[in-house]
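Enquirer: Residue-level listing of the chains:
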Amino acid sequence: DVKVTQSSRYLVKRTGEKVFLECVQDMDHENMFWYRQDPGLGLRLIYFSYDVKMKEKGDIPEGYSVSREKKERFSLILESASTNQTSMYLCASSPTSGGNTDTQYFGPGTRLTVL
Amino acid sequence: GENVEQHPSTLSVQEGDSAVIKCTYSDSASNYFPWYKQELGKRPQLIIDIRSNVGEKKDQRIAVTLNKTAKHFSLHITETQPEDSAVYFCAASSGSARQLTFGSGTQLTVLP
Numbered sequence: 105d106v107k108v109t110q111s112s113r114y115l116v117k118r119t120g121e122k123v124f125l126e127c128v129q130d131m132d133h134e135n136m137f138w139y140r141q142d143p144g145l146g147l148r149l150i151y152f153s154y155d156v157k158m159k160e161k162g163d164i165p166e167g168y169s170v171s172r173e174k175k176e177r178f179s180l181i182l183e184s185a186s187t188n189q190t191s192m193y194l195c196a197s198s199p200t201s202g203g204n205t206d207t208q209y210f211g212p213g214t215r216l217t218v219l
Numbered sequence: 004g005e006n007v008e009q010h011p012s013t014l015s016v017q018e019g020d021s022a023v024i025k026c027t028y029s030d031s032a033s034n035y036f037p038w039y040k041q042e043l044g045k046r047p048q049l050i051i052d053i054r055s056n057v058g059e060k061k062d063q064r065i066a067v068t069l070n071k072t073a074k075h076f077s078l079h080i081t082e083t084q085p086e087d088s089a090v091y092f093c094a095a096s097s098g099s100a101r102q103l104t105f106g107s108g109t110q111l112t113v114l115p
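Residue numbers (this note's numbering), protein chains in the order written: chain A, 105 to 219; chain B, 4 to 115.
Chain A extracted, bound-state conformation (with noise of 0.2 Å):
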């Protein structure tokens, strides 16, 4: 059972804080994205990895970073919050070969509050 898990669901910072959003799977999967998730919006592709230490940008990266060091793990990092960063971000992974290849499966998400 592929198993996506996220550092905090819950999160609350003051603007101009930096903040870091931890992603880690246990499936071994080469694929790992971002997203945010605002009513009415959807799910909006911040970055995304397809292997270590690669990213490509998405629709909307601007005022995020990301790093990948380990095949595992994808970090999403707000160097600087902004208020207009409040939202829930989701994290997801997809294997590139095998029967599921292109499936995406998610984290829970981190509800962040930026104050």
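Hint data in this document are derived by calculation from the structure and do not stem from the laboratory. Some hints here could point you the wrong way.
Chain A regions said to be covered by chain B (calculated; three or more residues, Cβ under 8 Å) [claimed, not checked]: (1) 167–180; (2) 209–217.
Pairwise CB distance ranges (calculated) [unchecked claim]: (3) B/D20 - A/E126: 38 to 44 Å; (4) A/K157 - B/S15: 46 to 52 Å; (5) B/L43 - A/I181: 25 to 31 Å; (6) A/T187 - B/D62: 38 to 44 Å; (7) B/P115 - A/S169: 44 to 50 Å; (8) A/P143 - B/Q48: 15 to 21 Å; (9) B/Q110 - A/R113: 18 to 24 Å; (10) B/R64 - A/M192: 24 to 30 Å; (11) B/Q110 - A/S169: 30 to 36 Å; (12) A/E173 - B/R64: 41 to 47 Å; (13) B/S29 - A/D142: 20 to 26 Å; (14) A/P143 - B/N6: 18 to 24 Å; (15) A/S169 - B/D20: 22 to 28 Å.
Derived pair list, reagent style DSSO-like, types lysine-lysine, alpha-carbon separation capped at 27 Å [as the list claims (entries may be wrong)]: (16) B/K25 - B/K60; (17) B/K74 - A/K161; (18) A/K161 - B/K40; (19) B/K45 - A/K107.
Just so you know, even glycine gets a beta-carbon here, dropped at the ideal spot from N, CA and C.
We have chain A already, so just place chain B on it with the hints.
Expert: Then chain B, alone, in the frame of chain A:
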């Protein structure tokens, strides 16, 4: 890049009736189309998917149809039950890492 539009944004049906959610996509290179269900407070979970070499796929009460010429695909839920109430997202896949572009979601409410 890919653009996915989803309709309707909200849908209420009586228990036992059918529900249909429709999506259109813009990138003709997209070839994988999953549907996710997200219950309140939970993570999105894949319920069914279809690839571009198939026109229709069924799994019990759920079916998905794909029209590649028109670039649209639909989710059909028959004999709806209260536990089908959730937000449903369609998506289309393209790119090197098969990144997904999601629709904006449909809040389905099944009335008892």
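Enquirer: Does the beta carbon distance between A/P143 and B/Q48 stay inside 15 to 21 Å, or does it fall outside?
Expert: 19 Å, holds
Enquirer: Taking a Cβ-to-Cβ distance below 8 Å as contact, does the stretch 167–180 of chain A have at least three residues touching chain B?
Expert: violated (count 0)
Enquirer: Can you confirm whether the C-alpha distance between B/K74 and A/K161 stays at or below 27 Å?
Expert: 26 Å, holds
Enquirer: Given the hint of 38 to 44 Å, check if A/T187 and B/D62 actually sit that far apart at their C-beta atoms.
Expert: 42 Å, holds
Enquirer: 22 to 28 Å was suggested as the range; check whether the CB atoms of A/S169 and B/D20 agree with it.
Expert: At 47 Å between Cβs, range violated.
Enquirer: How does the Cβ-Cβ distance of B/R64 and A/M192 compare with 24 to 30 Å: does it lie in that range?
Expert: Holds, since B/R64 and A/M192 (Cβ atoms, about 28 Å apart) stay within the stated range.
Enquirer: Using C-beta distances, would you say chain B covers the stretch 209–217 of chain A, given that this needs three or more residues below 8 Å?
Expert: holds (count 5)
Enquirer: Between B/L43 and A/I181, is the Cβ distance one that fits in 25 to 31 Å?
Expert: 29 Å, holds
Enquirer: With respect to the beta-carbon atoms only, verify the hint that B/Q110 and A/S169 lie 30 to 36 Å apart.
Expert: This hint holds: roughly 33 Å between Cβ atoms.
Enquirer: Taking the beta carbons of A/P143 and B/N6, is their distance inside 18 to 24 Å?
Expert: Cβ of A/P143 to Cβ of B/N6: about 19 Å, so the range 18 to 24 Å holds.
Enquirer: That 41 to 47 Å hint for A/E173 and B/R64 (C-beta), does it hold up?
Expert: 44 Å, holds
Enquirer: I want to verify a distance hint. Is the separation of the beta carbons of B/P115 and A/S169 within 44 to 50 Å?
Expert: Distance hint for B/P115, A/S169 holds at roughly 47 Å.
Figure legend: structure checked against the earlier numbered hints; hints not met, in rising order: 1 and 15.
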